[in-house]
Amino acid sequence: MALPSPLDADAPTWPEIRQGVRDLCARLPGSYWRDKDRERAYPKEFVDALTEAGYLACLIPEAYGGSGLPLSAAAAILEEVHKSGGNGAACHAQMYTMGTLLRHGSEDQRRAYLPGIARGELRLQAFGVSEPDAGSDTLSIKTTAVRDGDDYVIQGQKIWTSRAEHSDLMLLLARTTPKDRVEKRSRGLSVFLIDLRQHIGRGVEIQPIRTMINHATTQVFLDDLRVPVSALVGEPDRGFAYILDGMNAERVLIAAECIGDGRWFVDQARRYASDRTVFDSPIGAKQGVQFPIARAYAQVEAADLMVQQAAQRFERGQPCGKTANMAKLLASEAAWQAGDTCLQTFGGYGFAEDYDVERKFRETRLYQVAPVSTNLILAYLGEHVLGMPRST
Amino acid sequence: MKILCPVKRVLDPYVKVRVKQDNSDVDLANAKMAMNPFCEIAVEQAIRLKEQGHASEVVLVAVGPQQSQETLRTGLAMGADRGILVKAEPAPEPLGVAKILKAICDKESPDLVFAGKQAVDGDNNQTGQMLSALLGWAQGTFVSKVEVHDDHFLVTREIDGGLEQLKIGRPAVLTADLRLCEPRYASLPNIMKAKKKPIDNYTPEDLGVEVGHRLTLQKVEEPPARQAGIKVDSVGELVDKLHDEAKVI
Ligand SMILES: Cc1cc2nc3c(=O)[nH]c(=O)nc-3n(C[C@H](O)[C@H](O)[C@H](O)COP(=O)(O)OP(=O)(O)OC[C@H]3O[C@@H](n4cnc5c(N)ncnc54)[C@H](O)[C@@H]3O)c2cc1C
Ligand SMILES: Cc1cc2nc3c(=O)[nH]c(=O)nc-3n(C[C@H](O)[C@H](O)[C@H](O)COP(=O)(O)OP(=O)(O)OC[C@H]3O[C@@H](n4cnc5c(N)ncnc54)[C@H](O)[C@@H]3O)c2cc1C
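For the record, the sequence lines run as chains A and B.
Residues in the first sequence are numbered consecutively from 1, following UniProt numbering.
Residues in the second sequence are numbered consecutively from 1, following UniProt numbering.
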């Protein structure tokens, strides 16, 4: 009998879509990703293929040219990309960044942008939140937007704004009312949709940051950037609430990518362990090798249940901050455990680029830090879910 | 023009198959199945002909177990219009399949049947040819290029030693070779549309076709494990061994 594949959940969601993504990814082997990684090059062929096949428009309603599918479908797509040995970070934000526009933008903004985003001609896959002095502490951002007649004038600096060089539009969070003059702590921030095509070199400067993974991330300098009032998404001062529900979707999708990574690591590890013979027997027969792989498998499967649950709650419009955060926490840790186990199983060969293990190992490490770091999730659970004293 | 494409569900060609313990057959339990690659090429070509305005409808036919419906959905997601499932288990032999396809052609009156040149499971390479004989239509097998004209098809066939061009009257049965075209991957909107496309169900009895099995499978064995090679020190030794041991010269 063929080995049941640990690459699949017992009852996978969206089986036809998964098969479609697998077929697409099968044309981009490990060597493709390895070359891009070595050159720190944008995986354009992959992004183009996903775009042309319509996968990045899956969450956009049909009225605006997308497929109007629920979050679990997007999660299935990204999980499959990662499970195939690839990485969705070059374009995953094209799927969900538009959510803020969709849910909180005006009908004019939706009509102006969503159809182009659905076709893939317009890239909205950059989201400027983090700043040098405000990563975890979003409410302390220093970038300001000051109303001047029919314009806003924006001043400040963003860091880690991924894919800005590959985006036409950027969602930007800026302070519109100073911290000491707001009635509630969470007020005073606003979301803007910046058309980078018009403003590069005229108020916006982008500088790439080299990182330990192939992730097109940048610093964005905003210097007297003048945008019309129509660039504001929703009402002024309410931006923090708008981005929070977008963040829940993002957490679920990142968690799904971690599940894909975890399943890839487990599959690689079990295959290698079954084949590699040391001291006259396969290393997979030795419990010191076998048990960590089995444990990693169990942890990935358990985390996946939380990811599915969070996606379901999001789709039904139920509060999902708790589950989305736990899904991201558990999935990122399960993927890391699986990655560490896989690397250990491969012995010295895990360090050789040709096996892709070291690349995936580096890549999956990110998700314990971004888009939100583990401690911040724990602090949220401790304080807001378990009712313990304010975490400091 | 209406095109009918037979599609077969086979073991995924990238999966290594094992022989059953009792040597009665290969073991397909839990094995990953897929559309026969040559059928996929034919479906791709049919869809291209539709996109180029030569065809108005592409209809898929699968003959086999209920799960062949997945194979139909795969083809529908590529862009075919509807499917027909003729449920027959175990899958009939090539002649049985050809008879079933003949009955479907009588119902559907296609202008072209575009099949794969063979299925990668049994490698029989018979169904298209038998169907053409049963229908009394022209056949073009191992097609690597096709042009549609008003009253004929111009096809290029890969034959030993070169390429052959044939002018074939319509209607016709064509079978696709590897180099005809490269199948596309399905787009998300088409995957979603495929779920809603109709699939009609028949049994061989509904079609009045008798699909009795005439062949019996005696035994299936793994190919013998390859023996390690040896190195020889000189040409003389090589010639001796070829003569005395291998007995080939
Ligand atoms: C590759 C990459 C891509 C990114 N892409 C984007 C992007 O597209 N857009 C964007 O806006 N941002 C992006 N980020 C930024 C990311 O969201 C931040 O790095 C993350 O939120 C952490 O912020 P920080 O780096 O400033 O760390 P800090 O906030 O300085 O935290 C440092 C450490 O202290 C811990 N810590 C902080 N506060 C507490 C506390 N109260 N209790 C306990 N521990 C605490 C953290 O958990 C962390 O371990 C990206 C980052 C990376 C690395
Ligand atoms: C960067 C780098 C530099 C190196 N430099 C040198 C060098 O200069 N000179 C040199 O000679 N070598 C060098 N090595 C090789 C290194 O010593 C070996 O990689 C190491 O000994 C492990 O052997 P292996 O890679 O063949 O793993 P394997 O022996 O295949 O082991 C694979 C996994 O199986 C486990 N395992 C194996 N047997 C058992 C058992 N009986 N019970 C339980 N678990 C078992 C191992 O712990 C490991 O997790 C280097 C390796 C690297 C990555």
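Do not take every clue at face value.
Claimed, not checked - Short derived list, chain B residues pointing at chain A, Cβ under 8 Å:
id: 1; residue: 189
id: 2; residue: 192
id: 3; residue: 228
What the hints assert, rightly or not - When the alpha-carbon atoms are kept at most 30 Å apart in a straight line, the in silico DSS-like pairs for lysine-lysine are as follows:
id: 4; chain 1: B; residue 1: 167; chain 2: B; residue 2: 102
id: 5; chain 1: A; residue 1: 286; chain 2: B; residue 2: 32
id: 6; chain 1: A; residue 1: 286; chain 2: B; residue 2: 16
id: 7; chain 1: B; residue 1: 20; chain 2: A; residue 2: 286
id: 8; chain 1: A; residue 1: 44; chain 2: B; residue 2: 102
FYI, nobody ran anything at the bench for these hints, they're computed from the structure.
Ideal Cβ placement from N, Cα and C applies to all residues, glycine included.
Going down the list of hints, with the structure as the test:
no., hint, verdict
1, 189, "holds, 5 Å"
2, 192, "holds, 6 Å"
3, 228, "violated, 17 Å"
4, B:167 x B:102, "holds, 23 Å"
5, A:286 x B:32, "holds, 29 Å"
6, A:286 x B:16, "holds, 26 Å"
7, B:20 x A:286, "holds, 28 Å"
8, A:44 x B:102, "violated, 47 Å"
When the structure is compared with the earlier hints, violations turn up for hints 3 and 8 and for no others.
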